[in-house]
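As given, the protein sequences belong to chains A and B, one line each in that order. Numbering follows this note's numbering, with no gaps: position 25 of the first sequence is 25. Numbering follows this note's numbering, with no gaps: position 15 of the second sequence is 15.
Please note: incorrect hints may appear among the correct ones.
Result set (DSS-like, lysine-lysine): computed pairs, CA atoms no more than 27 Å apart in a straight line [stated by the list, open to error]:
(1) A:Lys18 x B:Lys32
(2) A:Lys133 x A:Lys175
(3) A:Lys3 x B:Lys68
(4) B:Lys52 x A:Lys167
(5) A:Lys17 x B:Lys137
(6) A:Lys169 x B:Lys137
Here are a few chain B residues that sit away from chain A, every Cβ distance over 12 Å (derived from the structure) [what the hints assert, rightly or not]:
(7) Tyr44
(8) His50
(9) Phe82
(10) Ile92
(11) Ile111
(12) Ile167
What the hints contain is simulated information worked out from the structure, not anything from laboratory work. Fair warning: this is a prediction, and the values are worked out from it, not measured in the lab. Glycine residues also receive a C-beta, built at the ideal position from the N, C-alpha and C atoms.
Each chain, letter by letter, is given below.
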Amino acid sequence: MLKDEKKLIKRCLKGEKKAMEMLVVNYQKGIYNYFYRNIRNSETAADLTQDIFLKVFSKLGSYDFKYKFSTWIYTMSHNLLIDYYRKKKNLSFTTFASANDGYIEFEDKTVDTGEEVLSNMEKKERIWSAVDKLPDEYRELIVMRYINDLKYYEISQILEIPMGTLKNKIFRAKKKLFKIMRGENEK
Amino acid sequence: MRNKHMTDEEIVLYIDNGISIENRIRIDEHLKKCSVCKAKMKEYQEIEKHLKEPILYAPPVDLLNNIKQKIWEKKLSFEEVFIGFMVTFSGIAAILAFIIYRYGFEFFYNIPFMKLSLPSLIKTGINNLYELFYVLKKIYFMIDAGFLRKIIIPRYGLSMLLLFILIVISYLKRDIIIKGRK
Ligand SMILES: [Zn+2]
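With the rest of the complex left out, here is chain B:
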């Protein structure tokens, strides 16, 4: 019984430390006497050693970029766009409502550019075109272009557009609005 050779299972378990102490002692005894099992054990140990230090291949260099591109290209669902719109628009509307309630429309009229007539406003804009361009360029580089295109504009673009229209209308109608209150 003691002289029986070890099975492959016993050898694998022995290497994996998955064997009882009793059996371990018995196997150690057998290994001392049996060169056949000893050689086999050595081969298995060699395999185990090399498996534990595997050969890993580097992924293709463009893999990360491809993944990134695909992730940002992911289309926003209707819900995401809708919620983004509702949140920003109602947020801005709440702020505007508070200002009008607290200070009245005069608050907006007191903003310097509101006091200018449309032609003079355009003239000021043209005179400061260089500064305007510079600021826009800076903002553009501060926010990643892809991020702006894929996250900000789809989510908040519509609310920004509506807000812009509101501002333009209230600017054009500012005299009526203020007179109406007085």
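Chain A with its partners taken away, still in its complex shape:
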């Protein structure tokens, strides 16, 4: 764990306003993007991000310094996301359930786009909109690994799954991504 971050957290524990603000600034982008990528709604993502920081400061006293702070904060975020999915699922049962409820359906850009003429940015956008189409579980893995830049051992701690299982899941997520990119919509 970064020495500076440890210091920052200790200052937060003393109730230092500036330190708390700095901690929010350091993590808000990552947390916001984690939620936004997973649920594709900026308002909800902002609300959930806010909830996370309120939780962080009310539970900071119980934070164990032997773990990385990022592991701790993303564990809370993961739990909140699961909670959100569950609530949403219950809600859509009472109204009317839709198969695509979890994400926005993007139009398929894979068809008839001369591969070679695509710019770098367009390719990137295509890949990330393919990430949006992944099943919830796989998408979260890709988001944690590449958006939040978490290490494999951190993700395995957050999800409480063995490293081998995690690596296998990430491989499956990438394979699925590859299939979506190619427009092969197999099960």
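Place chain B with the ligand on chain A using the hints.
Okay, now just chain B with the ligand, sitting in the frame of chain A:
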């Protein structure tokens, strides 16, 4: 056996550097000869490259402020208020007790304003109203208003009020207190 195409798993592991040197050599050999696997490898590498440079969105501009507002609004628990009160009040009481023990009540009587009668004290206060106002304004701006309202007053407000009452009482009764000692 050597001519078998690579599996997706092998390709992903190859890119992730999660493959043994033996297998790496075998795959490199195969890639030289097989354009199918080479193309597939290129596609996977392309995906990996773009995943590693993700598109990040800026959080809403008011997010930080909303969070800050919510944090400072957090209500103090009874324990926090009680401990804050006990600590400050007993601290101040200890200082006062020490002064009285060491110098007696005369110490307070020697503070200039204690020598004034109540009407003249009020008169002095009014004459210096501008200075008083100026000092208060300065203190107010030095300490963040929200901080004062949400942290200082709930924790220490009660002890400050009690202390103020004590000072007022001892001022009004100063003659009795001093006479009593003599
Ligand atoms: Zn091949």
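Verification of the hints:
1. A:Lys18 x B:Lys32: Status violated; Cα separation ~58 Å.
2. A:Lys133 x A:Lys175: holds (13 Å)
3. A:Lys3 x B:Lys68: Roughly 25 Å separates the two Cα atoms, so the pair holds.
4. B:Lys52 x A:Lys167: Status holds; Cα separation ~17 Å.
5. A:Lys17 x B:Lys137: It holds: about 22 Å lies between the C-alpha atoms, which stays within 27 Å.
6. A:Lys169 x B:Lys137: Given pair A:Lys169, B:Lys137 is violated - Cα atoms ~62 Å apart, limit 27 Å.
7. Tyr44: At roughly 6 Å from the nearest Cβ of chain A, B:Tyr44 sits no farther out than 12 Å, so the non-interface label is violated.
8. His50: Violated: least Cβ distance 4 Å, not greater than 12 Å.
9. Phe82: Non-interface label on B:Phe82 holds, nearest chain A Cβ at 17 Å vs cutoff 12 Å.
10. Ile92: holds (21 Å)
11. Ile111: Holds, since 34 Å exceeds 12 Å.
12. Ile167: holds (29 Å)
The structure does not agree with the numbered hints 1, 6, 7, 8 stated previously, though it agrees with the rest.
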